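Turn these sequences into a full structure, and let the hints guide you.
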Amino acid sequence: MPEGDTVRRTADRLNQGLAGRELTRSDLRWPTLGDVDLVGRTVLEVDAHGKQILTRIAAGQGSARIPSASAQPLTLRTHLRMDGSWNLYRTGSKPWPPGTQASVRAAMANAEWTAVGVWLGMMDLVPTSAESTLIGHLGPDILAADFADPAADFGVTLALERIQQTPHETIGAALLEQRNLAGIGTFYMAEALFLKGISPWLPVSQVPDVAAVVERARILLASNVVRAVQTTTGNSRPGQQQWVHARSGKPCRRCGTTIRVAGIVVGDPNRINAAPITRTGFYCPSCQPGPTPTDDGKPQRPLGSAPKTNVAGKPAQYRRR
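1 is the number of the first residue of the sequence shown in full-length UniProt numbering; add one for each residue after it.
Calculated from the structure, these hints are not laboratory results. Treat the hints with care, as some may be off.
[Claimed, not checked] Here are the simulated lysine to aspartate or glutamate pairs, DMTMM-like style, with alpha carbons at most 20 Å apart:
hint, residue 1, residue 2
1, K250, D209
2, K250, D295
3, K196, E215
4, K94, D83
5, K94, D27
6, K94, E112
[Claimed, not checked] Taking CB as the label site, the calculated pair distances span:
hint, residue 1, residue 2, range
7, A111, Q164, 16 to 26 Å
8, D146, T32, 42 to 52 Å
9, Q165, G92, 50 to 60 Å
10, A19, M122, 18 to 28 Å
Just so it is clear, the structure is predicted and the values come from calculations on it, not from any experiment. Ideal placement from N, C-alpha and C gives every residue a C-beta, glycine not left out.
As structure tokens, this is what we get:
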């Protein structure tokens, strides 16, 4: 799933093409928004909060099907989920890439630019005054301009307070919990903890410096907002971009120990509406000593190296010819 850096970069690009311009086309292909018309309204800005993209639109006379919202500023919230993306084209310059029509979920255009959202995972339109109903449950955005300011009302201080409210939770799960801080996914969780030498399964209460872990994650995300290729090693060559994420079965770049992967349970059962889910955590057993309760210790192959199988689950070489 795209993480905060990708979402922020997407929002910044959309903002460059849409902000301050009047919409000449509005096509929201979503079950609850199919009859919404935003033509004639001006896009005020496109922003991001964690993994959410927020397109804020000025008040107007469009036929937006929201009670009492016709004259109110609106916010279009979209989420990329696993496969979604927003693409920006010069209006009228060329048709969309072949085969994308069926995957288009939204299109907004002005005289200069056309923004096309494909395979979007979530889409909602609400009055901007009600934006909190969509993102109010989220923690501070780790890429917000004032996140690192200890005096900020909605920044690192609040994020740390929320993380430390569940001292028994694993640090890996605490970083992935979007209600603590928004924007970190499994990639930056794994990479930040590796660089700090901390097991993803270490309880929050046993982490020597949670603030340092959060700051490391913030630096990694911020550095990749402006990069064309996502990397935490400083090397953008294929296969060299990350320390541990997606490298199970391969040697650690620092010590040579085999990188492993195991599940991280995210979701505190003591919280309301927090059904636990299992996410993947990659780590080096030598560089990140500590508890690994979900690792069965069995040999692990590098990702993608398992023998190909047929539908019956037999290795490819045993298929009937």
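Here's how the hints hold up against the structure:
With a CA separation close to 29 Å, the supplied pair K250 and D209 exceeds the 20 Å bound. The hinted pair formed by K250 and D295 meets the criterion: a straight-line CA distance of about 16 Å does not exceed 20 Å. For the given pair, K196 sits about 11 Å from E215 by alpha-carbon distance, which is consistent with the 20 Å threshold. Of the pairs offered as hints, the one joining K94 and D83 is violated, with about 23 Å between alpha carbons and a cut-off of 20 Å exceeded.
For the given pair, K94 sits about 18 Å from D27 by alpha-carbon distance, which is consistent with the 20 Å threshold. A C-alpha spacing of about 13 Å is found between K94 and E112, which places the hinted pair at or below 20 Å, so the restraint holds. Range check, A111 to Q164: Cβ separation about 50 Å, and the 16 to 26 Å hint is violated. In this structure the hint that D146 and T32 lie 42 to 52 Å apart at CB is violated, the actual value being about 34 Å.
Checked against the hint of 50 to 60 Å, the C-beta distance between Q165 and G92 comes to roughly 52 Å, which is consistent with it. The given range of 18 to 28 Å is respected by A19 and M122, whose C-beta atoms sit roughly 22 Å from each other.
In summary, the numbered hints that this structure violates are 1, 4, 7, 8.
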